[in-house]
Structure formats: structure tokens, C-alpha cells
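Participant: Below are the chains, spelled out letter by letter.
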Amino acid sequence: MPKSMGYAILEAIQGEMRRDKLLTLFYEYQTPAAGWSNRSINLEAEFGRTRVRFCAIDEEWIVGGAMGMSMTGVPAIAHIPSMATFIPYELMFNHAGKLRHMTGGQAAFPMVLWADMARRWAFQGGQHADAGLESSYARLAGLKVVIPSTPYDAKGLMVSAIRDVDPVVYCQYPVPSAGPEVPDEPYTVPIGEPAIRTEGKDITIVGYAPQTAEIARAVEELKKDGISAEFIDPRTLAPLEGVMPTIIESVKKTGRLLTSDEGSYTFCNCAEIIARVAEAVPGAKFKRLAFPDAPAPGAPEMLNYMNVDATRIAAAARRLLKA
Amino acid sequence: MPKSMGYAILEAIQGEMRRDKLLTLFYEYQTPAAGWSNRSINLEAEFGRTRVRFCAIDEEWIVGGAMGMSMTGVPAIAHIPSMATFIPYELMFNHAGKLRHMTGGQAAFPMVLWADMARRWAFQGGQHADAGLESSYARLAGLKVVIPSTPYDAKGLMVSAIRDVDPVVYCQYPVPSAGPEVPDEPYTVPIGEPAIRTEGKDITIVGYAPQTAEIARAVEELKKDGISAEFIDPRTLAPLEGVMPTIIESVKKTGRLLTSDEGSYTFCNCAEIIARVAEAVPGAKFKRLAFPDAPAPGAPEMLNYMNVDATRIAAAARRLLKA
Amino acid sequence: MKSLTRRVSKIKTVPQKKRDGPGISRRSFVKSLGGIGAGTVFLSTGIAKRAAAQYGPVYTDGLSAEQLTDMYTTMLKIRLWETKIKDLILAGGFRGVAHLYVGQEAIAVGVCSALRKDDYIASNHRGHGHLIAKGGDLGKMLAEITHKATGYCKGYGGSLHITDISLGILGMNGVVGAAHLFAAGAAYGIKVKGTDQIAVSFGGDGSLQNSFFTSAANAASAWKLPWIAVIENNAFQIWVRSSDVYGTQDLARRADGFGIEGRVVDGNDVLSVYNVARYAVEKARAGNGPTVIECKTYRWYDHYGAGGARIGVDGAFGLGYRSDRELRDWMAKDPIVRFRKFLVSEKVLTEERAEEIVAEVRQAVEDAAKFAEAQPVPKPEDGLLNVFAEGSVPLHNS
Amino acid sequence: MKSLTRRVSKIKTVPQKKRDGPGISRRSFVKSLGGIGAGTVFLSTGIAKRAAAQYGPVYTDGLSAEQLTDMYTTMLKIRLWETKIKDLILAGGFRGVAHLYVGQEAIAVGVCSALRKDDYIASNHRGHGHLIAKGGDLGKMLAEITHKATGYCKGYGGSLHITDISLGILGMNGVVGAAHLFAAGAAYGIKVKGTDQIAVSFGGDGSLQNSFFTSAANAASAWKLPWIAVIENNAFQIWVRSSDVYGTQDLARRADGFGIEGRVVDGNDVLSVYNVARYAVEKARAGNGPTVIECKTYRWYDHYGAGGARIGVDGAFGLGYRSDRELRDWMAKDPIVRFRKFLVSEKVLTEERAEEIVAEVRQAVEDAAKFAEAQPVPKPEDGLLNVFAEGSVPLHNS
Ligand SMILES: Cc1ncc(C[n+]2csc(CCOP(=O)(O)OP(=O)(O)O)c2C)c(N)n1
Ligand SMILES: Cc1ncc(C[n+]2csc(CCOP(=O)(O)OP(=O)(O)O)c2C)c(N)n1
Ligand SMILES: [Mg+2]
Ligand SMILES: [Mg+2]
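Chains as they are written, first to last, in the numbering used here: chain W, 1 to 323; chain G, 324 to 646; chain X, 647 to 1044; chain F, 1045 to 1442.
Treat the hints with care, as some may be off.
What the hints assert, rightly or not - Calculated cross-link-like contacts (lysine-lysine; reagent style PhoX-like; alpha-carbon spacing at most 20 Å):
| id | chain 1 | residue 1 | chain 2 | residue 2 |
| --- | --- | --- | --- | --- |
| 1 | W | 285 | G | 608 |
| 2 | G | 575 | W | 285 |
| 3 | G | 576 | W | 285 |
| 4 | G | 575 | G | 608 |
| 5 | W | 252 | W | 201 |
| 6 | G | 645 | W | 253 |
| 7 | W | 252 | G | 608 |
| 8 | G | 575 | G | 547 |
| 9 | G | 344 | X | 987 |
| 10 | W | 21 | F | 1235 |
| 11 | F | 1414 | F | 1128 |
Don't read these hints as lab results, they were simulated from the structure.
The following block holds chain W by itself, in its conformation from the complex (with noise of 0.2 Å):
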């Protein structure tokens, strides 16, 4: 059985709880354990309720706590559910985001905020059915913004961000297992390096964790009609700085970017990267699908009309190459 996203995760975590023996974690229900068959991880069993630490349903201590905790030396992991994500917002941005800049380098937050994205999910209302939360964040100077579409990013991209001194928001999206298999052993996918998932010549797709699945089988319908789309997940969404350059290339040679969030449309976090291509190649198309304005609806029947899929994906994709 391959590992889940979850799984990997937490096997990131305990390979650094083993490396640093200060690094804690707060959380507040999301129970740190898996396991299936002979394999299995419970992190507050091994490490200990100090430093794997249930909570009370106050995201703002589970943030700022891992804060104060981490400008004095303790590296945190911030862990809080999705219809929360906001509630420690003025923390990330007037704080871990500015403060080291504020004290002319000083002050360090060697912290992760390790935040649970929901989905577009049916049968929820909109409180608990967002997303695109991410690009709130990739906003905020300071911050890093990381956002892993496989397992293997998922575990890769959790050793990079425990072990980076700066503050690191990473994303967990709820997608299905897929990409490479996950190594027991500690390793890094770096920070700020997007991913080309398909090579291709004729279109530039962008997109990532809730979006991957749908792009992949986008990809596989274009290719059924000859069309060789070139598919790249930034990984990264802030600083964009490293990722930019990979996406300009690939847009230079196939003139075409369409790009598709789970998110909302406006700000979505491909308005930036288009609005950065726009820039940088004069004469390209682009295409910009996204979840409308509007919170989610829990009646399926709603949701799937404003939901993004493969099917308007390709479609969206000919369309553009008619352009």
C-alpha cells in the first residue's frame, strides 16, 4: 500500500522530532498518529505530550505559541484546521512575516503553520468548503508558502520547511495518493522549485494540489487529439521568485498558459503567476479558469456547475489553442 499524504507527512515530522529534540508540535484535534498493517507512527506517544500537544480550539495560542516559542530557540509546528485558517491571519502577517526585517534580522521564527485546506466538498457549506486559502498568504512579505500535490512532495517539502529558519506556511490539500513512492528515510524537496509534471510543446497548464488530478486527465484527453500539453506544478507559491522562471520558459515556447484553481477566481493564486507572465512574454494567450466568487454550496447539484474539471479543462485548453 503506498503511503498517504497524511502518512508522509507525519513521517517527515517524526524524522525531524528525532533530529531536533526540541522540535514541537501544537495541534488540536487532528490526532498526530496513522498507521496501517505492520506500519504505524503515533507521535505523542513517542515524543511525549510537552512537545506533541493537543490544544484548546484557539488557533490563535496554536499559532502565536508556536511564535513565542520559536523566536527563543524552540523550532514549532503549527498545526489548525481549514475553517480556521484565518483566525491566526494578523499573527502571520504583522509578525512571523515582518518582524525579522523589523529588528534588522534579529528575530527569527523557525516555525511551520501546517494548515489544512478543505475542498471544494459537497454536502458542507461554504465555511467548511473552501479553497484557495493560499494565496492570502503567498501575499504577506516574510512568509513562505509551499503547497505539495504527491506524498512525496508532501514529505519532502515538510523536511524542507521544518528545517528553513524563516516562517513556512505550508498547505495540506486533501488529494488522492499519486506520484512517486515515499522513501522511510528524511529527505527535502527544496523550496521554490516548481515541478514539470508532463513535458509538452503546444500549452502551458498550471495548477496544483486540489487541481492535479484534473489537469492529469485534461492532459491525457489533449493528447488523445494530438495535442501535447506541458504541465507544471509551482510547488512553491511564495516567494514565486524560483518558480517564475520555469513557467516564462515554458510559456515562451508554447505561447499559451491556462491555468485553473479549485479557488475562487479573483486572486486566485494563477492570477499572479499570469499577471507575471503577461509581463515577461509579450504576445502570449492566456486562460484563466477558477471556482466563481462565490462561497461553496453544499447541494451537489450547485457545486459541480461551478466546479472546475478535466472535461472544461480540455475543452478550455482547445478553445485557447483556436485562440
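Please build the complex by placing chains G, X and F with the ligands on the supplied structure of chain W, with the hints as guidance.
Facilitator: Okay, now just chains G, X and F with the ligands, sitting in the frame of chain W:
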């Protein structure tokens, strides 16, 4: 003496409080009173402390209390200071912006979040000198975001914001008086309508509030070189549907879009505008000016090096025209 | 885009007398006795005294037999309707989610029985009981939980967001604690309107830490707002025991720090809850400010859904974070059984009548289920409506 | 982009004995007397008794004359250095801002005198006093306030953000209340490290409402963290009187709701503050959890800057939100005058020595001003550094 932006806003609120006997203002310390010679407004003195309520340093109360109140038919204005803009972010995100939709149209929030904005001031640190925060609100479904650049718009947009049945985020940047005189009587500037500040044909420049004066100066400079720039102030940042046709028409005419933000580069509000134009006007050329993705340092030497100003805007316009 | 413009608010003061809830004060008790028609049984003074000794001194004697029977009926409605939902979930293919309230019925009913129709309640994720107690319709609620077009929220919100402003229900809410702040805001609005309404928020033991509660409590205390916070302490925040993450045993103590009166009450005893709520309501209506009421209770099912439960059987067993024995101890304190015994022993109901009511409620629940089942699903394109009061937002997926 | 990788943390436990602060316990008092060189005056037991009667029973007798003199000197440093800043602001062209601490010196000095060098403090916008009391350098502080390249934060942060991690100063912070949460987080870190350090946060009366305090207090109470919150109640939040926006008179009551001990103390009496702080510190170091200390005091100047003030004159008069009379009453309770009288009457200092110290501090302040004045301004392009630990961010203005 022309009315200042602050006075114009108070005049708008005064008129609406006279018109609507329930309209209530929560604030913290930004005394809602202003005046000179024989003109003066003092909202607390006129409407009493119940309707003009100074509060503890508790932005969650100011915004959340206003939301609860407005849900029950008491329209509300919640005035919050700049460094605390994001403390009530979750409230606007998960509740004010979503609950109308999630309750099938039942829940209404006739409220205005009157957000003080800072500027890239010298001699402050990054917490007190941030700008561009409006893009984090403009990103949220279900909210309207307006941002006046002149005292005239400030009054008219405040009246519109108060009369709107939907929640409006009203961003007040400290900008010098300019533009048309402010009538004493109530009037509205409609939400969703941009203003063409200068007509032109060679290049389109988009920017607002803190950048208005710099852009206006740049337009004058360019005129001396015989360059005719069209300067558009969006005035409304969300939803953008009413704003974009004017900008798109202009770029179709000029073929070039230059934007200028006081906020940080990544996800500055103009990024969304560029991304939309890139899709709508293939072949157009783009340049985005903004503050770097850094907090604002207090020392003016560093700050001025990083800021956008009229000279840099004009230079960028010339370069874009040559491209 | 067009903006819908608000009409200017008119002040609508509800006169003190126009009470349509059970707001009969001790002083008006004798008077109201005079106006009672035949067939209405009242608690005799002897019973009131015994109740007083058992529950505290004040208000039970103001309740008519009809009101007491209503309270029993409403508790049953919550119990049987939610038990039906549990069974539907277990049967598979349920179009929705639910956080079941079963076991806590005495709280919703005790509190809402002390309220008027025009009072506000703001509720949380475990709020079905609150809504039923405030007058919510079983059929429309179930239609909403299954995301039907004719549910309370037209299928947009589902279980977590059922709202009926016309009944004073400001809505369930999926964000833990938010209800406290919105109710306190509504309470401030009451002050502005100059009415004598009350705003009540319901929250679990987990609802005290985010700033919602802190902000509500301070404002309510500073300006004596007609706000009542009901803390349903069922010991758990999902699987986390509150005693492991809080520094105090009694959560009502949190009120002290704000200069608010905090009361602890047996949340499985509907008359105790009613007494304290009634006290808090009269205090607030008289302009004497807020109260925090902590009700000790226990939920019979898992945090969410029907894990550990079986069709036709009460309670969820075998959950990793609690012992079956703990659950059984609490089930032995079933608030409905207890109240029914009291009503029968005090001759408010006969065993036969009590059983008849069970059958009537069971029928109402079946009707509600049929109603919900028969309702249409929403039209796909309606997802673009109701973002703003007017118009629709554009699609962006093609 | 390159990411800087953290080195693996090593646990560095500071042994209980290696105290470098004034942490002389009652038990070690007699012992330390034995080790004192000539010229050091001690409070006699008689004085200790009188002090006890006046201030409460416990710790004053553990302070040596040297320590008492240091406390007096530090209070003067804060007073005279900030008075200098006020004069510089009034003179015009000042390259910075300041929220003056004058009038509240007894609190910073009373608290920090009970701390060790390796204890942490987290401070707020009115924090110059805290930093000086924790060992901050007057020249480097003024250089930072005037945004010079060699200031504590290299000119980036200015007054509101002075930080010196090596002195345990986690920084002043411009967001009201944030310090409480960061100190509580640091206190949790102390638990992880297994050291016996303490983390103290300073906040004004305005710092209790945002969730920072609530979150800190609950965690500290639930897990007995070595956290002390010092609430400097100077009556105002800018111009808003706390009594108009809070429901309780004593803000230490807020602690009760979390199951934390809350103490109220005269914030203009350095020995009272020291006593309570010392008690709280020893309690926390012994693993017995947090304390909230409310210090009643008053600020002599306006919220910010030098409005209402004059060069060479103490205090800001004619401010719209307070009466000059109220200020004069508080100036009559000047914590430095009071402490000096006590020291002279108890023969710890002579009038002459007390006056000499004033002159010495005045000189130090002048030196600091000259130092700051002479410092270079930052290089423009350095604004792009320090966003992340490595590298610089790109410019986007051309
Ligand atoms: C702010 C926030 N954080 C976390 C969650 C996830 N969550 C949903 S319900 C719940 C537990 C609530 O516990 P309590 O308030 O005691 O209510 P109960 O479920 O016991 O009735 C949590 C943590 C949430 N919905 N909102
Ligand atoms: C969260 C937040 N809200 C508002 C402000 C603006 N502000 C700065 S200082 C201050 C007053 C603080 O009062 P208090 O905590 O009593 O401290 P004092 O100034 O009296 O020392 C306010 C409202 C802020 N900095 N942070
Ligand atoms: Mg609970
Ligand atoms: Mg104060």
C-alpha cells in the same frame, strides 16, 4: 478651505445617521469629530454614545458586534485602525462574506467595515506603515471593497456603502485633498464604477488612493514629452465586473497597461487587473510597479529607495512605450 | 454591477406586555391562574415547593401544565427527529452531515422555554436542538440538512447553517464560538432599537477560547447588554477533554473575569436549566445585564455523524476517547426520562398521555422525513445567486 | 531562491544556581550578608519590618543596598533619557517617534529587578522603560529610535520594535497585546527546553481584549507555564478611559476566569512591584504557574509624542481627555521621588549621593544622545535585506 477626506467621510455618516435612526458606529479611538472655523461635526455629541460608541481595543468586537447587530436590522459602521486590519479578517471571510449565500439569501449584513489604511510612512516600522491590504479583502467572496482617492469620492462612496444591503469594506488611505469640491448635501458615488482621471491614447495607467498624486504628476511629466496617458482610478476593487470594461476598452485603444501600487508587489490589487486584461486583450504590453515584497523599513533612506514615485512611473511609461 | 440599497430602518419597539413566550413571572402567577380555562392543570404550591427544594427557589411555579407538556414534547421532538437522522445516516446515501444533539435536549428546551418568539438565538454546529426549541420546522430543517431547494437555506448551507430570521434564529454556524459574538452584537442592536428583547448564544465547552467569547463578554459587561451565553459543557471538544486544555473546572468561572454573573447548572435537568435561564432572562430584560450559564451534560453520539452507533439503538459505543461505561452513566441520567417521571409523579401527565405524545412525535418525525425526501434538489445555476443581494456572479470554469 | 537551514537545537539547561540577577532568596539573605565587602549598606531587619508593614511581608529584606541603588539609578535612567527624547521631539526634526514611559518607571524596574538576565521579556509600544530595566543600552536604543544603521534593529524598526534577543528582550511590538501571547509561547518553550527561565509580558490596560491575552492566559493556566503578565493600568487607551469600556474595575480580575492568581499593586511604588514580581517569579520558577499583576499607574505625557509638553518641563498639560489636576495628583506620587525619600530615610543613600547619581545619569543620557546623533543612516538598498534570513528581495519600482 476645501473639505478634507476625513471631514467628507464624517459628513457622509452624519447625513446617513440623520436619515436612519438606527445606524450605529463602533470605533476605537479615532474620534469621529472634525472641524474648522464655523464648520464642525461631532457625531457623539449629535447622536449620543449608544449610536456612536467608542470601544475597547478589540477589533473583533468592533467588527463582529457590528455584524451581529446588522444581521438583526441595525445597520452598522465598524471603524478599525490600520495595524489591526486583519484581526477581524476571519469574521469578514467566513461570516459577513459567506452567510448570505449559505443561508439561501436570508442573512444580510448591512454594515461597513471602515478600515483605516496606513501608508508607506517613514519613521514607522512595517506594522504601522503597511499598504495594499485591500487586496486581501478584495479576494473574499461576498464582500464589496471600495477605496476613495478624493474627498468627493470619499463622501459619495461612504453614502453608497452605508446604503448598500451587502457588507462593504471601505478603505480609507490618508491622501491629500484634491478633486472636485464636496457638496454639503448627501450624494452617492456608485459602487462598481471606475473614474477616468485623465483621458489619453498612448498608454493606460491604473492606480488609486496612495498612488493618485504620483500618477497625476507622472501624467503631467509625460505630457511634456508629448505622451498622452490615460489614467484610470478603479475606485471599487471588488467586485471588479463593473470596473474592468473601462480598463479593457482603454488598453484596447492604447495597447499598453502600466499599474502602480503602494502595496507589496505580489498580489497587489493591480495584479488581478493585469491578469484580467491579459486574458481580454491579447498582444497588450504590461508593466507593474509596486513596493517590494518586504515590510516597510522605518528609515527614510531605505523606504524611499523602495517606494514608487512620479519619476519612476514616468520612466516606466516611457520604457513601456519603447518596448 | 447593481447594488441593492437598504431601506431606512424604522424603530419598532415591542411593548413590554406583548409577550408570547412563557414569560409569566412569580408575581403574575396568581393573576394568571384566574384566567386559565378548564382542563389546564397547574403545579400546586406544594409541588412548587418540592421543586424549589430540588431545583432552586424561583420560577417553576410559573409554568402551566400546558407549558410543561410542551417542554416534554419538544424534548422528544429533538430526540426522535435526530435519532431518525442517525438511522438515515447509517442506512447510507444520506445527502448531508449532522452533529447530533441527543442527550443535551434539556438545555435547548430549558433555555428557549424562557424566551419570547422575538428574542434572538445564535447557535453552533450542534444546534438542531436549539432551533427546534425555538420553533424550527422539522420538515424544513431536514430538507435543509439534505440540501433540498425548499430547505431553510434552499440547500446552500445544510445542517451547519440552518437559519430562520423570522423566528429569531440567527443561524447555526460552523465556526466554533462565533455565535457568542453575533448574539452580543444583536444585544447591542437591541439597545439601539430600545426594545426589551434578549439575545442568547449557545456554545460548547470548546467555544470559550477564541476571541468571539472574550469580545462578547467584555462588551456585554461594560454596557449591560441583554446577552445570555449558554455553555453546554459536554466534556469534549471532538475527542479532546476540556479538563486537559483548560485551567478551570467550572467554565462559568470565565464570566467572573469580566464582571459577569456565571452560573453552573445540571444540564440534564430541564427545570433547573429553565429556572436559571428564566432568572437570566428577567434580569436582562430589566436592563441588568448579561449572564453566563454553564450546563453540565454529555452527548450520546460521536462528535459528528453516526460512528459507533447502530440503527434502532440509542447511543454510540466503542469510541476510542471515552468509555462505554461513562456513556452509560450519562444515559442513565436521560433528561427526557427524568422529566417524564417528574411530570407523571406530579400528575401533569399520565403514563398513557406521555406515551401518546411519543407516538404523536414519532409520527411528526416520519412526516418530516417524508416531506424532506419529496423535496426537489436545487437548480445548478442557483449556486451563482445570493452572493450579493442582487444579481449573480459569473462562472469561471469554461 | 536559497533557503537557509536551521541548525538542530541543542538543549541548554541553565542550572538553578547560575543566577546573575538580584535573585537572592530570603533563605540566602544571611549567607550573602557574610560575603559583602565594606561600604555596602544593608537594610536592617528593623527597616525590613517597617517596609513589610508598608508594602507586604516578603522580599524586600533580600535586597542589598547596591541593588536598591541600582533600582534607583535605573528609574532615573528611564526618566531622564525619555525626558531628553521629549525635548528632542519638541526641538523639531526628530527622526522617529516615541510613546513615553515617564511616570511608570517603578513598574519596569520593580519587575525586571526580580528577573535574571536569561529570563525573557516581551514588551509593547510603551516599552523603553522595560528595555532599559532589562539592560538595554541607552545609546543603541536612541540610535534605533532615530533609525540609524547601528541601532538595535539597524534602523528598520524604530522605537516600536527595539529588540535584543541576547538580553532576553523579545522586542517591543506595535500591536497592542501581542506581547502576552509571545511571552506565553516562550514560556511553553521553556517547558520544552526544561530550563527554569521565566517569560514576562508587559501590556497596558488596553491589552486585555484581543485574543492574545486570552490565549496566553488559558495555555499558561492549563499547563502551569512560567508566564507572568504585567498589566500597567495607566487608566487610558490613548484617550479612552478603560473604566468606560471594561466591566470590571480591577483588571487583575480577568485572571480569575482562567484560574490564574491575579494581584493588584501600586504601580508607583517600586518595592511593592518588586515584592509581587519576586513572589510571582519564585512561584513560576518552582513550576507553580502563572501570575497576572495589575499595576495602577499614570502616564505623564500624551499617548504618543510630546503633545502638551514643553522643553525643560515635566508632564503634558492641557490635554482634552484628562484634567491637569488629575495629572498633578499623580505627579505628586512620583515613583522616583518616593523611592529616593525612602532610600535616604533608610540611609541607603545620602542626599548628596542621590544627587550625584542624578548627575551621572544625566551625563550618560547626554553621551547616549551624542552617540546616536553621530551614527550613520542605513544604506538605501539594505531595505531589501532581512526579509528572509538569506538573500534580498527584488525591487519593483522601475
Ligand atoms: C474556530 C474553529 N476551530 C475548529 C473547528 C473544528 N471543530 C468543529 S466542532 C469542534 C469541537 C467543538 O467542541 P465544543 O465547542 O465543546 O462543542 P461540542 O461539539 O462538544 O458540542 C471543533 C474543534 C471549528 N469548527 N472552528
Ligand atoms: C491591535 C491594535 N489595535 C489598536 C492599536 C492602536 N493603538 C496603539 S497604542 C493604543 C492604546 C494602548 O493602550 P494601553 O494598552 O492601555 O497602553 P498605554 O498606551 O496606555 O500604555 C492603541 C489603541 C494597536 N496598536 N494595535
Ligand atoms: Mg463539547
Ligand atoms: Mg493604558
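Participant: What hints, given by number in increasing order, does this structure fail?
Facilitator: 6, 8 and 9
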